[in-house]
Amino acid sequence: MSDLVKIFVPLESTALSLGADELVLALLEEAAKRGQDVEIIRNGSWGMSWLEPLVEVVAPQGRIAYGNVTVDDVPGLFDAEFLTGGDHDLCQGPTAEISYLKTQDRLTFARCGLIDALSLDDYQANGGFQGLEKALELTSQQIVDQVTDSGLRGRGGAAFPTGIKWNTVLGADAEQKYICCNADEGDSGTFADRILMEGDPYCLIEGMIIAGLGVGATEGFIYLRSEYPLCKEILSEALINARSQGWLGSDIRGSGKAFDIAVRMGAGSYVCGEETAMLDSLEGKRGMVRPKPPLPALEGLFGQPTVVNNVLSLASVPIIMAKGAEFYQDYGDRRSRGTIAFQLAGNIARGGLVEKAFGISLRQLIEDFGGGTMTKTAIKAVQVGGPLGAYLDDLDLAMDYETFAEAGAVLGHGGIVIFDGSVDMAEQAKFAFDFCAVESCGKCTPCRIGSVRGSELMAKIQAGENAQDNLNLVKDLCDVMDAGSLCAMGGMTPIPVLSALKHWPQDFKKEDFKVKS
Amino acid sequence: MLKDRTHLEKAEWDEQEALQVIAQFASLKGGLMEALHGLQHAFGYIPTESYELLADAFNLSRAEVYGVKSFYHDFRSEPAGHHVIQICQAESCQAMGSRRLTSHVQNMLGIKLGETTHDGHFTLEAVYCLGNCAVSPNVTLDGRLHARMSEQAIDNLLKKAAL
Numbered sequence: 001m002s003d004l005v006k007i008f009v010p011l012e013s014t015a016l017s018l019g020a021d022e023l024v025l026a027l028l029e030e031a032a033k034r035g036q037d038v039e040i041i042r043n044g045s046w047g048m049s050w051l052e053p054l055v056e057v058v059a060p061q062g063r064i065a066y067g068n069v070t071v072d073d074v075p076g077l078f079d080a081e082f083l084t085g086g087d088h089d090l091c092q093g094p095t096a097e098i099s100y101l102k103t104q105d106r107l108t109f110a111r112c113g114l115i116d117a118l119s120l121d122d123y124q125a126n127g128g129f130q131g132l133e134k135a136l137e138l139t140s141q142q143i144v145d146q147v148t149d150s151g152l153r154g155r156g157g158a159a160f161p162t163g164i165k166w167n168t169v170l171g172a173d174a175e176q177k178y179i180c181c182n183a184d185e186g187d188s189g190t191f192a193d194r195i196l197m198e199g200d201p202y203c204l205i206e207g208m209i210i211a212g213l214g215v216g217a218t219e220g221f222i223y224l225r226s227e228y229p230l231c232k233e234i235l236s237e238a239l240i241n242a243r244s245q246g247w248l249g250s251d252i253r254g255s256g257k258a259f260d261i262a263v264r265m266g267a268g269s270y271v272c273g274e275e276t277a278m279l280d281s282l283e284g285k286r287g288m289v290r291p292k293p294p295l296p297a298l299e300g301l302f303g304q305p306t307v308v309n310n311v312l313s314l315a316s317v318p319i320i321m322a323k324g325a326e327f328y329q330d331y332g333d334r335r336s337r338g339t340i341a342f343q344l345a346g347n348i349a350r351g352g353l354v355e356k357a358f359g360i361s362l363r364q365l366i367e368d369f370g371g372g373t374m375t376k377t378a379i380k381a382v383q384v385g386g387p388l389g390a391y392l393d394d395l396d397l398a399m400d401y402e403t404f405a406e407a408g409a410v411l412g413h414g415g416i417v418i419f420d421g422s423v424d425m426a427e428q429a430k431f432a433f434d435f436c437a438v439e440s441c442g443k444c445t446p447c448r449i450g451s452v453r454g455s456e457l458m459a460k461i462q463a464g465e466n467a468q469d470n471l472n473l474v475k476d477l478c479d480v481m482d483a484g485s486l487c488a489m490g491g492m493t494p495i496p497v498l499s500a501l502k503h504w505p506q507d508f509k510k511e512d513f514k515v516k517s
Numbered sequence: 001m002l003k004d005r006t007h008l009e010k011a012e013w014d015e016q017e018a019l020q021v022i023a024q025f026a027s028l029k030g031g032l033m034e035a036l037h038g039l040q041h042a043f044g045y046i047p048t049e050s051y052e053l054l055a056d057a058f059n060l061s062r063a064e065v066y067g068v069k070s071f072y073h074d075f076r077s078e079p080a081g082h083h084v085i086q087i088c089q090a091e092s093c094q095a096m097g098s099r100r101l102t103s104h105v106q107n108m109l110g111i112k113l114g115e116t117t118h119d120g121h122f123t124l125e126a127v128y129c130l131g132n133c134a135v136s137p138n139v140t141l142d143g144r145l146h147a148r149m150s151e152q153a154i155d156n157l158l159k160k161a162a163l
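Protein chains in written order, with our numbering: chain A, 1 to 517; chain B, 1 to 163.
So that you can see chain A by itself, here it is in the shape it has in the complex:
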């Protein structure tokens, strides 16, 4: 037998959806046929989704990447001696030199793609648990202050300062406090939470433990959407491994401090990504939005003080603790500090995840990283921030919270969906209402009824029925939903509707005919 060669093939949803498992079998079969000894390591994804399945070979000169590999390519790759980094049409060169990856600021996603996601040894060999080890030597207040000083704001979409939220929970007096990780990543165009959970689950676990130490909570829950079954498998195994090594349990690494985590599944409800609906769902109830106050930080899960943070907020904490608040603060601009995971989706040539400091322009992301549209057609509209985000036509906006707020838009969870000229913006506006009607929890009237009326009005406008009058009604309705809804579901549905109307009024102008009432 020849020397053992290590090959990385991601165990990650995108790679699997494009045949990674079949590819592993083909690689093993071909290697056996040729008497070549290989070891397949299942890493996470680097986030270069358009290249999946991305096979990497550990050659003498380092890790060499081959993109979009199919089962049919396998014999040819062996012929081209890819096990020693041989040249081939699919060869992308050394992974670390791929410019899509090289030009990112990988802080939260530093290990994604690099390591075997479930190997605790790999995790620790690449900086894992350094943040927690430091946190174990600090007081709760010191931990919270460090997160506050880092400027970290909630990455789920609302961008609330994480440290301030933690401080409220720390200050609350209660027998039991909770850390709830919101992993109900429902926005179309977003998949960063999934890539992190599938590619570096211990990073999230470490962040949750630090949060527990910071606020004095001993129990954590990960509320995971049911559309992510692979995340459930990987997280469950990671929790077992972490527990067996004493990173979770009643005495974390001999510190005398306790913390443990359970994964709970959602059941296909978008509104359960709203933090109070998520808490009700975790309690085994309908996912109904709660009025605020009381804040979840004071009366959250089972009425106890609760930190509710997005996956990426929690997963950013370990590096903040390990390298310090100032290190993290140095990234970003204005009051948007650190990095954010942008996700390029829809009609895009090079779709995937791009972690960058705040402040990069939308154009740089779409053109330099994304390579323009997949279909080589001109871009008509870009929706940033999920289904409740604005449709934009200005690509020169800086990607930070303040610039987007000034433009009447939201960064949300960092999803960027690109549309070409084939899109009908009136149809998209109608969809925004339809989606709200399907997903509304029904608690408040503006959202429950407004979404249905909005959809009916849009159908009339599209048919040209009293179009101008009905458009005025839509604007009125949006006003009511914006001002009167209990949460962002109804309150932000007007954003995609009104932005579509503002930038593409021609799409709403159908031949007008009057219908007598």
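Hints are computed from structural coordinates only; laboratory data are not their basis.
Careful: at least some of the hints might be erroneous.
[To be verified] In the DMTMM-like style, the derived pairs of lysine to aspartate or glutamate whose C-alpha atoms are separated by at most 25 angstroms in a straight line are:
| id | chain 1 | residue 1 | chain 2 | residue 2 |
| --- | --- | --- | --- | --- |
| 1 | A | Lys232 | B | Asp142 |
| 2 | B | Lys112 | B | Asp56 |
| 3 | B | Lys29 | A | Asp251 |
| 4 | B | Lys29 | A | Asp507 |
| 5 | B | Lys29 | B | Asp56 |
[To be verified] Partial selection, computed: residues in chain A whose CB lies under 10 angstroms from chain B:
| id | residue |
| --- | --- |
| 6 | Val5 |
| 7 | Leu16 |
| 8 | Ala345 |
| 9 | Ile348 |
| 10 | Pro387 |
| 11 | Asp420 |
[To be verified] Derived list of chain A stretches under chain B, where covered just means 3 residues or more per stretch with a C-beta under 8 angstroms from a C-beta of chain B:
| id | region |
| --- | --- |
| 12 | 227-235 |
| 13 | 261-267 |
| 14 | 404-412 |
| 15 | 424-438 |
Ideal placement from N, C-alpha and C gives every residue a C-beta, glycine not left out.
Start from chain A and add chain B according to the hints.
Only chain B this time, still in chain A's reference frame:
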């Protein structure tokens, strides 16, 4: 999205089995959601007979149990067809032609989203985002994710499933 038992392999109502499933979650804080997932996994849907058992186990009324079950899109009232196809209807997949793909599948199967074919072979469902938006449009077949779907690719998938 575990691969639930489907129409043709539908389990008969079995109170003992249901009680066993529920017992696993009865002591969990907020365990009703997990119990519903467990029942759906066992029976392929949430049988109405189970409401009373759930109500007993979680100290709720049957109406409250129904309220929770009916809130969530995932929980079925009836078994699904032998194969379940979900087509993503959200924005990223729309940008890559999911509306056309959906009407293609609807025409081919002669059913609309949310319906099951008369022979019980296929159930077609809408789903709002599978989190694979960099390689849209996406579908799932029996819980397995398939990316960059074209009309031809989905034809092939369905033909394979129909065999």
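Pairwise hint evaluation, Asp251 (chain A) against Lys29 (chain B), where the allowed Cα distance is 25 angstroms at most = Since the Cα atoms of Lys29 (chain B) and Asp251 (chain A) sit roughly 22 angstroms apart, the hinted pair holds (cutoff 25 angstroms).
query = Does the alpha-carbon distance linking Lys112 (chain B) and Asp56 (chain B) stay inside the 25 angstroms limit?
reply = 38 angstroms, violated
ask   = Counting residues of the region 404-412 of chain A with a beta carbon closer than 8 angstroms to any beta carbon of chain B, are there 3 or more?
value = violated (count 0)
key: Holds or violated: Lys232 (chain A) to Asp142 (chain B), with C-alpha atoms at most 25 angstroms apart   = Roughly 17 angstroms separates the two Cα atoms, so the pair holds.
message = For the region 261-267 of chain A, count the residues whose Cβ lies under 8 angstroms from any Cβ of chain B; is that count three or more?
response = holds (count 4)
task = Could you check if Pro387 (chain A) really has its C-beta closer than 10 angstroms to a C-beta on chain B?
result = Given a least distance of 6 angstroms, the restraint on Pro387 (chain A) holds.
ask   = Holds or violated: Lys29 (chain B) with Asp56 (chain B), Cα cutoff 25 angstroms?
value = 15 angstroms, holds
query = Would you say the region 227-235 of chain A counts as covered by chain B, given the rule of at least 3 residues with C-beta under 8 angstroms?
reply = holds (count 3)
task = Using Cβ atoms only, decide whether Val5 (chain A) comes closer than 10 angstroms to chain B, and label the hint accordingly.
result = Violated - the Cβ of Val5 (chain A) stays beyond 10 angstroms from chain B, reaching only about 28 angstroms at its closest.
task = Report holds or violated for the interface hint on Asp420 (chain A), using the least CB-CB distance to chain B and a cut-off of 10 angstroms.
result = 8 angstroms, holds
task = Tell me if chain B covers the region 424-438 of chain A under the three-residue, 8 angstroms CB rule, please?
result = holds (count 4)
Given hint Ile348 (chain A) near chain B, where the shortest CB pair must fall under 10 angstroms = 7 angstroms, holds
Violated hints, listed in ascending order, are 2, 4, 6, 14; each of the other numbered hints is respected by the structure.
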